[in-house]
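*Asks:* Make the full structure from the sequences, and use the hints.
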Amino acid sequence: MKHIVALLIKYTAVTAVLLVILGIFQGISIPRVLLISLFLTGTAYLIGDLFILPKYGNAIATMADFGLSFFGIWLLTSLFTNLDATHNIGFSSFLAALIISGI
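Going by this note's numbering, the letters in the sequence shown line up with residues 1 to 103, in that order.
None of these hints come from the bench; they were simulated from the model. Note that the coordinates shown come from a computational prediction; the quantities given were computed from them, not determined experimentally. Please note that the accuracy of each hint is not assured.
Claimed, not checked - In silico SDA-like links for lysine to any residue, alpha-carbon gap of 25 Å or less:
| id | residue 1 | residue 2 |
| --- | --- | --- |
| 1 | K2 | Y45 |
| 2 | K55 | I99 |
| 3 | K55 | Y11 |
| 4 | K10 | L98 |
| 5 | K2 | F66 |
| 6 | K2 | Q26 |
| 7 | K55 | Q26 |
| 8 | K55 | H3 |
| 9 | K10 | V20 |
| 10 | K2 | W74 |
| 11 | K10 | T62 |
*Replies:* Listed below in structure tokens is the structure:
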């Protein structure tokens, strides 16, 4: 039960950040943002919270969460959307990852 609550809190926080950054600034639709949030939350929880955090501590887990969020948002946004080169996905991914790793 504690994992479900933690996943819901993490999913809500990630979705809120991505809705603002990707939804408003990049114009990505809400269902795609929700899908990106779902994949990102699942992998970040499994890798960051369940594996890295207990073994290496909070500082390393935060850095890993930033890297995973940055590359995950960049990759998933590129895969699930048809944004052209005029949209700066890298900066949006960096900004979202910075906020997500700080939460």
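*Asks:* Take the hints in turn and mark each one as holding or not.
*Replies:* Structure-based check of all given hints:
1. K2 - Y45: holds, 13 Å
2. K55 - I99: holds, 24 Å
3. K55 - Y11: Holds, at roughly 23 Å.
4. K10 - L98: OK: K10 and L98 at ~15 Å, within 25 Å.
5. K2 - F66: Holds: K2 and F66 sit about 23 Å apart, inside 25 Å.
6. K2 - Q26: Status violated; Cα separation ~34 Å.
7. K55 - Q26: violated, 36 Å
8. K55 - H3: Cα-Cα ~18 Å, so holds.
9. K10 - V20: OK: K10 and V20 at ~16 Å, within 25 Å.
10. K2 - W74: Judged against 25 Å, a Cα distance of about 30 Å means the pair is violated.
11. K10 - T62: Roughly 14 Å between the alpha carbons, so the hint for K10 and T62 holds.
Of the hints listed earlier, those the structure fails to meet are numbers 6, 7, 10, in rising order.
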